[in-house]
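Trainee: So you can see what is in the structure, the chains are spelled out below.
There are 4 protein chains.
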Amino acid sequence: MLHHTFIKVRGYHLDGYQHVNNARYLEFLEEARWGYLEQHGDIEHFEQLGLAWVIVNININYRAQATMGQQLRIDTEFSAINTKSSIIHQKIWLEGTETLVADANITFVCLDKKTGRAVVIEGDLKHRLEPRLTNQIDI
Amino acid sequence: MLHHTFIKVRGYHLDGYQHVNNARYLEFLEEARWGYLEQHGDIEHFEQLGLAWVIVNININYRAQATMGQQLRIDTEFSAINTKSSIIHQKIWLEGTETLVADANITFVCLDKKTGRAVVIEGDLKHRLEPRLTNQIDI
Amino acid sequence: MLHHTFIKVRGYHLDGYQHVNNARYLEFLEEARWGYLEQHGDIEHFEQLGLAWVIVNININYRAQATMGQQLRIDTEFSAINTKSSIIHQKIWLEGTETLVADANITFVCLDKKTGRAVVIEGDLKHRLEPRLTNQIDI
Amino acid sequence: MLHHTFIKVRGYHLDGYQHVNNARYLEFLEEARWGYLEQHGDIEHFEQLGLAWVIVNININYRAQATMGQQLRIDTEFSAINTKSSIIHQKIWLEGTETLVADANITFVCLDKKTGRAVVIEGDLKHRLEPRLTNQIDI
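Protein chains in written order, with our numbering: chain Z, 1 to 139; chain V, 1 to 139; chain B, 1 to 139; chain P, 1 to 139.
This is chain Z alone, in the form it adopts within the complex:
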């Protein structure tokens, strides 16, 4: 259930070191997650339920530099569904190579907009997300 997003590195993505800036990668990852959610019809679904996915942790490894003109491929998948949180795992590859540019775990809670509290991931919610879990274990 791997989802792919492609982003080409442009001049405005770089910083003074001539490589993609550390903060910009988080926008790349967010772009990929919106694409993933869209593909699964999640955006409208959670909107209707009055639930918002709120990030509580991002743990990102920067493994290789990406520079001007390079094509990146971002792989996005659910890697864990816990009682009150879920983890989306994302890998940024230099497209067409075996070079891993960055990888990250994004931990979310599912917030009830009315109460402002994280809901327990059970019932329909769990059934919706669980089939997307990959067997692939990422640390």
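Relax, there's no trap hidden among the hints.
Here are the simulated BS3-like cross-link-like pairs (lysine-lysine), alpha carbons at most 25 Å apart as the crow flies:
no., chain 1, residue 1, chain 2, residue 2
1, V, Lys8, P, Lys8
2, B, Lys8, Z, Lys8
3, Z, Lys91, B, Lys8
Derived by calculation from the structure, the hints in this document are not laboratory data.
Given the coordinates of chain Z, assemble chains V, B and P onto it according to the supplied hints.
Mentor: Frame of chain Z; chains V, B and P shown alone:
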């Protein structure tokens, strides 16, 4: 009635050309406008009136490059108040020098949030803003 | 010779007003220009000549708000080639509608990286760019 | 040896959820690190040695939302100096309160620009950084 904002150029402000990116200057200008509005108590005032200042045009000249570690000073002032729009004029200087890095005219309309339409700038609204106009003419 | 770039509005493109932020549009326009230059093989060509295109003015009209989930189409074309500067004209449309979200003129000079001075656009340089001019007049 | 940076939340820092976007916090943290390095004269020092500090990991917890007009205080300090990497620990507070908005560990390596390899943190380099370690243990 000139307002000053100071911003130091950092690595993440630069792009692949090692100078501040064209889009980033618009964030610098926005930062300075918030500072200006705050100083005059405008944010709460217009919030209470149900009015939102919405940008309809930005015309910015990029005159000199700004790079890592340089200190910028942004001067902000009202330069025109028209029937339905106003112009804020901003200049970005390399602090302590006569180098003008960029200058811009930002044209706003004052939107009534209920109707979604631009209001006529008259009465109290005009009296509030008019004294801030400088005699200094900028083209 | 119109070039199209498509960008979907995501949550991170918005600002506190829930619409695409004024500075973000300049990144959208830059994205589109890189796509345009790439399509014409300009990036490597000017790199080899030691020439850099440097923005000296952006004049952008914000005509309609763009919000979450909307698909934007950016049209990019050369609209003027002057002695020492050129103008790229760009329009941002709400895809599939007649709604013009923004339009902008981007004025460039062609900088000789060795001398740091703008070159005269003549000879091969002029021959390369001139055929791309559209008859369409934009004010 | 705690260093403080102050940033006021502005409209352009927010995203569609009306709170500071996850990627923007990384710019806030980078701003604070530049301020820290500057205070200690590190920027020129490492420049002269031909060393670049390159981020290999960011682990950030988002603990509370920050919204329009709030004043943030960012505390920056070294929390670990290992053989080939160092950790800078940063906390983002809602100024004047006990609300922790976010906290992050930023892991760096010290890259020799000539070889492109991480150097061992020993000798003068270690002596320069070690006194800055705080006793305060952050997990």
